[in-house]
Structure formats: C-alpha cells, structure tokens
Amino acid sequence: MHTTHLTDGDWVVEATGLTKRFGDRLAVDGVDLRVARGSAFGFLGPNGAGKTTMIRMLLGLTPATAGSMRLLGRPVPDERTAALAHVGAIVEEPSFHGHLTGRENLAVAAACRAPEAHARIDPALDRMGLLDRADDRVRTYSMGMRQRLGIARCLLADPVLLILDEPTNGLDPAGILEFRAFVHDFVAEGRTVFLSSHLLDEVEKICDSVAIVDRGRIRTQGPIAAVSAGARPRVLIACDDNAAASALLAADPAVAHVQAADGGLSVELVDRDDAAVADLNRLLVDASIAVHRLEPARVSLEERFLEVTTQLGVPT
Amino acid sequence: MNIRMIRADLLRLRKHRGLFWWSIVLTSGAVAAFYGIALGFHLHDPAQYGPAGGVENLRRGLWVLSMVGGVGAAIVGATAGTADTSSGVFRDLVVTGRSRVGLFAARAAGAVAFWVPLAVAAYATLMVLTFALAAGTATPTLAAIAKDGGWVVAVTTVTLLAGLGVSATIGSRGISIGVLLGWQLAVSQVLENVHVLGVTREALLTAAASRLEPFTGDAVVVPMSAAAAVVAMAGWALLPLVAGAWRTRARDA
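Top to bottom, those sequences are chains A and L.
My numbering puts the first residue of the first sequence at 1, with every later residue one more than the last.
My numbering puts the first residue of the second sequence at 1, with every later residue one more than the last.
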C-alpha cells in the first residue's frame, strides 16, 4: 500500500479479511482493501476473479462468510442503511422496469431514498443527457442509455461513493469516452468512484489507484504507477545472434525469463538492479555477441496485470 | 416502508398495461359478461329465465366475481410479488439501504392499493346491474349491499395477498399462479368434501370464504364458527406474507 499516510476518516471502503464461500468454493479469500476518499479506484481482475462478489458483500446484497467491512466509515451490515444512503451503485448491469419511463423508474428508486431525492430526478436525467427521452419507456432505450440511466439513478443519492461494476459493458467507443468524462467530473466534485472492470485500458485511463484481484484474492494494490512499477523489470536487447544470446541469458541467475520481441529479446530480470543490466551486457560482449541496443522497457499496467493474474499454481 | 414507496409500487402496477386491463376484464368484465348472458337468457325466454338483476341473481353474480376476480387477484398478487426480482430491480432497491422487509411490505401495500379499487369498481358494476336489471323484483338492502361488498373484496384481497406471498417465496410468477389457482379451484374444492379430514378442513380458504358468504340459508360444506372462518382467512393472508418477507430478507440480491 502506498497510501498509509491517510487517516481513518479518509477511507470510503475498508475491508478486512473479507471472505465469501459458496459451498466448497472460495469466491473471496480474506480480502483486505482500502479505498481512499475522492479518488477513482479501479478494481481490476479477470472474469470470475471475485470482483462482483466482493461488491455484493460491500453493498449487503449477499452476506460475507467472514471478515469485516466499513463503508464511509460505518460498519456494515450493522449500519448499512446509514452508509448506503450516500452510496450509488450499479452491480453487473443496471436493471429497470421496462414498462415504465426513465423518469418513472427514477421515481421508484427515489421513493426508497431520502425525500430530497425526488427533486434530483430531472437534474440527474439532464446531466446524463436523457431529459429528452425521460418520458419514453425504458424498453425502448439502447444499452448506452440504460447505462446512463443507471448512473442517473445513482446520482439520486447525491453519492459520496459510486460503485460501478463493469460500467462500460455494451457501450460503443463514444459512450466509453463519455463515461470517462463523467467519472472525471465526479471525482472533481469530490466523489469517490469505485470502478470494477476486467478492461485494463479503461482502468488505466480513468483511475488513480488500483487493486488487482485474482481467484478471490487481492494480488496487489496502490497507485497505478506504483503497481506498474512493482512488476519485474525488463530490458530490451537487440544483438546480432538472438539464439545464442537467448541461451546465454536464460542461464544467468539474474534473469527470470527471456523471450523474442520486436526482432530482439525481451529479458525479464529477477530484481531491479542496474548492475545486473551491465553484467548482462558484459556477458554478451564476452561471448562475442554484438549488442546494438539495450534499454529498459516501460512496464504497463497490462503487463503487471498479466504477471499477477497468470501465476497459476504459484503460492502467494 | 413509507407512503412514497407504496405509491411507487402502485405506479409500477398501474402502468403495467397488460396487468391493468386483464384485471379489469377479470373483475368488472366478468360481472358485465355474467349479467349480459343472464339478460340474454331472460330476453330470449322470460318465462323460463327471470330478470337478470335483483336479489335472485345477486348471489350468482357475487359467486362469479369472487371466483373470476379471485383468478385476477392471484395474477396481480403473483405479479406484484415477483416484479422486482424478475426485472432485476430488487438489487437496485436493496442497495439504497432500505430494509428488505420494508421493500416487501411496500410491495404488499401497493398491491392492495392497486387491487381494492378494481374490486370495488367491479362490485359497483354488479350493484348497478342488479338494480338496473331488477325489472321490479326485490333488490338488496343497504346493509346487504355493504355486507356483500365487504365479503367479496375481502375474499379476493386475501387471494391477492396469498398470491403475493407465495410468489415472493417461490420466486416464480407462473408457478405461483398455477399452484394457487390449482389449489383454490380444484384441490381445495375436493378436500372440502373429504369428510374424514374433519375440522382440518376449516383451514381451507374456500371453506372459510363459504362460511362467511353473506347469504343466509345456504348450506355450507364445512360447518364452522364465523370466528374460525375469520382466523382461517387471516391465516391465508398472513402466513404467505410472512414466508414471502422471510424469503425476501434471506434472498441473495
């Protein structure tokens, strides 16, 4: 964690040892998670990693098998009603009564919120660009319009925290761009956006910090730059004999993995160590292999994600 | 639960056009159809068939409304009990922080608010036709009008609540309607006549409803006290509701 300087009141989500078991299957395994107030937080993981189950527990949609949770500083489920009064959430995909109009669907949701929620219906529809279609039945809405109506429904709570589960599913590129703008605006307003997604690019472009979840466990979490930097360092090498260089490097204890890349070699190092890079260069030169290029590779979130989520069978 | 939630549930049912029009067909429509047929018979052969209106036909009209209206009540109840879960909206309402039991209670109150005006309108139609088509024969007194109306509204509303509770428990609208109608229209009628079951038959909704039927002098299949009949009817409303509330509370959303 790179945010330990924050105080208790700065966390909108805190989970400790959160566990969910479905029969013999462990869907969420002792998750410790903290989300800082006023940030865009990405909850990243492959399909079936346990992201939605984790969200469902946070929102009280399914009970946790073990562990404790706090939302907006309040323990849940004990103070669930007070905590969720300031939380807007879309889980999986937003659902509506198709025979009701957009405005009527929001009225149904507003009835479950504080009395002032009703006055937020038109502003929320307007903000999401749905005012013109507010009196059309929802069954005539496109997927993108339903997603926007789902966010409008979240805004009825004037939320401190927005929890959005795979919110860009079904959106076209224009809709995705529009959604990113919404998230940036929400964060600028001081709201926290908790974004669950399996789309790396989306999370990298929208979020400040991220947790990578796989097989029910948080593998790493922190600011995106820090999480990406946590990947094994790589260097790109271009030389005159890739086969010989590859064999030579693979045998070196400082090298974790070698693979062909862009006409050269991508060499994954065991540790971040400049001296090791110099040693590799020396090793190749001593073996009469001409090195044309040797440069550190920028490690993206995608590479870090793949590194973390493909360690099948590796104890963590 | 608050009045805004009940109004929202009422809106949801009222705007369901198919449900709304079928409910009218199975209440006021059934009454109008019955009196239309009775009038046709009377006009065709006045010597054989008396006037369609008046006290004479009122009992049959009430029976039609309680039976066909009961079908409508079961459909409305089952629809109200499963609409949120089948549409997926239940999850979105739970995340507002409202208690699930509160959501269920609002659902039940909204269904009653939807149903009772329809039942009252159908009964009003029945009364208008009873008087309009009496052709000089006896018409019901004010006391009888109130008593008959109270009975038919109560019986159909109990069926509505039973349908709502059963569907919320089972989670399937279609199965709930089938189970409830099969029980009411077939199984229960048979069990009423299985004398070896003794006093346990008093727990049947059809038996209790027959006992409280406002017509005097009609033989009832299962003799029981009025208090026992009231308790049985209350049980048919409350027990499915308790089961539905429990299931709603325990259900993964």
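No lab work stands behind these hints, which were simulated from the structure alone.
Where hints are given, some of them may not hold.
To be verified - Chain L side only, calculated, beta carbon under 7 Å to chain A, not exhaustive: (1) M5; (2) L13; (3) K15; (4) E56; (5) R60; (6) T85; (7) S86; (8) S87; (9) V95.
Said to hold, decoys possible - Here are some chain A residues pointing at chain L (derived, C-beta under 10 Å): (10) L100; (11) V160; (12) L177; (13) A225; (14) A226.
Said to hold, decoys possible - According to the in silico footprint, chain L covers these stretches of chain A (three or more CB under 8 Å from chain L): (15) 31-40; (16) 210-222; (17) 251-257.
Backbone N, C-alpha and C fix where the C-beta goes; we use that ideal spot for every residue, glycine too.
Now the hints, each set against the structure:
1. Hint status for M5 (chain L) relative to chain A: holds, with the closest Cβ pair at about 5 Å, below 7 Å.
2. Hint status for L13 (chain L) relative to chain A: violated, with the closest Cβ pair at about 10 Å, above 7 Å.
3. Proximity of K15 (chain L) to chain A holds as hinted, the smallest CB-CB distance being about 6 Å (cut-off 7 Å).
4. Nearest Cβ of chain A to the Cβ of E56 (chain L): about 43 Å, over the 7 Å cut. The hint is violated.
5. For R60 (chain L), the interface hint is violated, since its Cβ never comes within 7 Å of a Cβ in chain A; the closest pair sits about 36 Å apart.
6. Hint status for T85 (chain L) relative to chain A: violated, with the closest Cβ pair at about 10 Å, above 7 Å.
7. Given hint, S86 (chain L) at the interface with chain A, is violated; its Cβ is 10 Å from that chain's nearest Cβ, farther than 7 Å.
8. Because the smallest distance between the Cβ of S87 (chain L) and any Cβ of chain A comes to about 5 Å, under 7 Å, the interface hint for this residue holds.
9. Annotation: V95 (chain L) was flagged as interfacial toward chain A, and the flag holds, the nearest CB pair being 5 Å apart, inside 7 Å.
10. Checking L100 (chain A) against chain L: minimum C-beta separation of about 6 Å stays under 10 Å; hint holds.
11. Proximity of V160 (chain A) to chain L is violated relative to the hint, the smallest CB-CB distance being about 13 Å (cut-off 10 Å).
12. Annotation: L177 (chain A) was flagged as interfacial toward chain L, and the flag is violated, the nearest CB pair being 25 Å apart, outside 10 Å.
13. With a cut of 10 Å, the hint placing A225 (chain A) at the interface with chain L is violated, because the nearest CB-to-CB distance is about 32 Å.
14. For A226 (chain A), the interface hint is violated, since its Cβ never comes within 10 Å of a Cβ in chain L; the closest pair sits about 31 Å apart.
15. Under a criterion of three residues with beta carbons nearer than 8 Å to beta carbons of chain L, the stated coverage of the segment 31-40 of chain A fails, only 0 such residues being counted.
16. Only when three residues or more bring their CB closer than 8 Å to a CB of chain L does the claim for the segment 210-222 of chain A stand; here the count is 0, and the claim is violated.
17. Counting residues of the segment 251-257 of chain A whose C-beta sits closer than 8 Å to any C-beta of chain L gives 0, which falls short of three, so the coverage hint is violated.
The earlier numbered hints that this structure contradicts are 2, 4, 5, 6, 7, 11, 12, 13, 14, 15, 16, 17.
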